[in-house]
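J.: Chains A and B, in that order, give the protein sequences.
Under this note's numbering, the residue at position 63 of the first sequence is numbered 63, and the numbers go up by one with no gaps.
Under this note's numbering, the residue at position 157 of the second sequence is numbered 1157, and the numbers go up by one with no gaps.
By construction, these hints were calculated from the structure, which means they are not laboratory data.
C-beta: ideal position from N, C-alpha, C; glycine also.
Not one of these hints is a red herring.
Which stretches of chain B does chain A cover? Using the computed rule of at least three CB atoms under 8 angstroms from a CB of chain A, they are:
(1) 1076-1090
(2) 1103-1115
(3) 1158-1169
(4) 1188-1194
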Amino acid sequence: MEPSKEATRSRLEQLLARIQRNRGRDGEEPVAGEPLTASPVPAVVEEPLAAMEIPMPTAAVHPPEEVEEILELADTEEISVDVEEEEVVADIPEEFEEDVDEVPVEFDAEPVTEPVQVAALSGPMEIEPPAPVEPGFVAPEAAARAHVQAIDVSTQPVETEVIPETRPAPKPTVQMPVVPAPSFDRRPVAPPIEVAMPEPTVPGAPVELPTTTFAGTSPVAGARPAVFTRELRQTRPRTMSDILRAALRVGQK
Amino acid sequence: MRDIKLKPDGYFTFDLEAGRMDYSGGGGRLVAFPAEALLKVLGTGIDQISRTVPYLLGLHLGEECGNRVRESMGDDMDIPVERFLDHLNAVLALHGLGILSIQTWGDILLVEWVLGLGKSGEGDIVDFQEGVLAGAFRTITSQPFEAASVDESGEGARFVLGSGVLVNATRLWMGEGHGLGEIVERLHAGRHIDADTDMG
Chain A
1 MEPSKEATRS RLEQLLARIQ RNRGRDGEEP VAGEPLTASP VPAVVEEPLA AMEIPMPTAA
61 VHPPEEVEEI LELADTEEIS VDVEEEEVVA DIPEEFEEDV DEVPVEFDAE PVTEPVQVAA
121 LSGPMEIEPP APVEPGFVAP EAAARAHVQA IDVSTQPVET EVIPETRPAP KPTVQMPVVP
181 APSFDRRPVA PPIEVAMPEP TVPGAPVELP TTTFAGTSPV AGARPAVFTR ELRQTRPRTM
241 SDILRAALRV GQK
Chain B
1001 MRDIKLKPDG YFTFDLEAGR MDYSGGGGRL VAFPAEALLK VLGTGIDQIS RTVPYLLGLH
1061 LGEECGNRVR ESMGDDMDIP VERFLDHLNA VLALHGLGIL SIQTWGDILL VEWVLGLGKS
1121 GEGDIVDFQE GVLAGAFRTI TSQPFEAASV DESGEGARFV LGSGVLVNAT RLWMGEGHGL
1181 GEIVERLHAG RHIDADTDMG
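Here chain A stands alone, though its shape is the one from the complex (with noise of 0.2 angstroms):
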């Protein structure tokens, strides 16, 4: 009849006891009196422990036999014996495994559900990796990086030429100029805006169309102030080829 479990830890703790009281308070001198016998118990157990080693005692003081019924005891699948430490240490049983895994661990975020994509990047760019994503938990400043969308510049060479914005076009019911207000952007210069008035015409004669004049704006020596005009009737700036164009099929029905 196998020793009930109770019983076998109670045994085992009477002895590492009396093993403690054997080696001394700090488990190198022996307490007089006692009877000093070399231990003939080799360093590394043999199975089931094999993988187990046990330092032993260089002065170990109590008997063969009662080391043999440690190592003996010690043989079980619930109960390991902790020479080097002087403690019993029971296994967990199986039955309470699974309930270990479902301890409920709390999170201070929420979960993220959509992927988070890093698309290739060709150029010299540098960009800070994306925090590591564990599964049912990202840090709040991951979870922000996660929905900055991800530029592919391989197919977007990079421009660094400044372009002017374009100027919206004047309403067709607008009869004055506009004048461009001061700006400190990046857009050239405006040239000054001169009103090209209609030539005298005769008494009676029908009322001149509104001209157009367009100047060049680079500064060539003995050039006058650039001059443009913007027709008002225009809808969107002419072409050095519209002008042309029209100029070539004038009256043309």
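Take the given structure of chain A and dock chain B to it, following the hints.
T.: Just chain B, lined up with the frame of chain A:
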């Protein structure tokens, strides 16, 4: 002062009887002919030769300028007017020929030319300017542009640019004493086309 050395690899050849001014050599460099010297050439024996000589001289110089504009700007004319004028004025400035600005009276294209030599709008110079404008715009656009002076009273002379029919009608109406506003109205009404058809 920097010494000016003769570089015989580039030069102009004037043929006043034929009204030609050719530019030769230069090894790719631009040899600019000073405007003051050009005016002296135009005033030399101008009474003994045809009035078309200043026009033809200007035509050749305009073609030369037009080629240089096309080299720098390309063939794409779908560009802002200011950019077109930047290229053209830069080339004209090398010859000391002042600066151009463009006006549009409806569909009519007017070019105002401030020559800056105090002789803008005078007789032979106007013929020369008409030739430069025609040569430059023909070369740049590959279209049959002609130019006619319509206003010589302001700071700069103004020229109407368009087809040969349009320019001829403009010259005719200007000679009859019609104002620029009325001429523009007639052109928009297509009366120059009707007149050309009647004459044809």
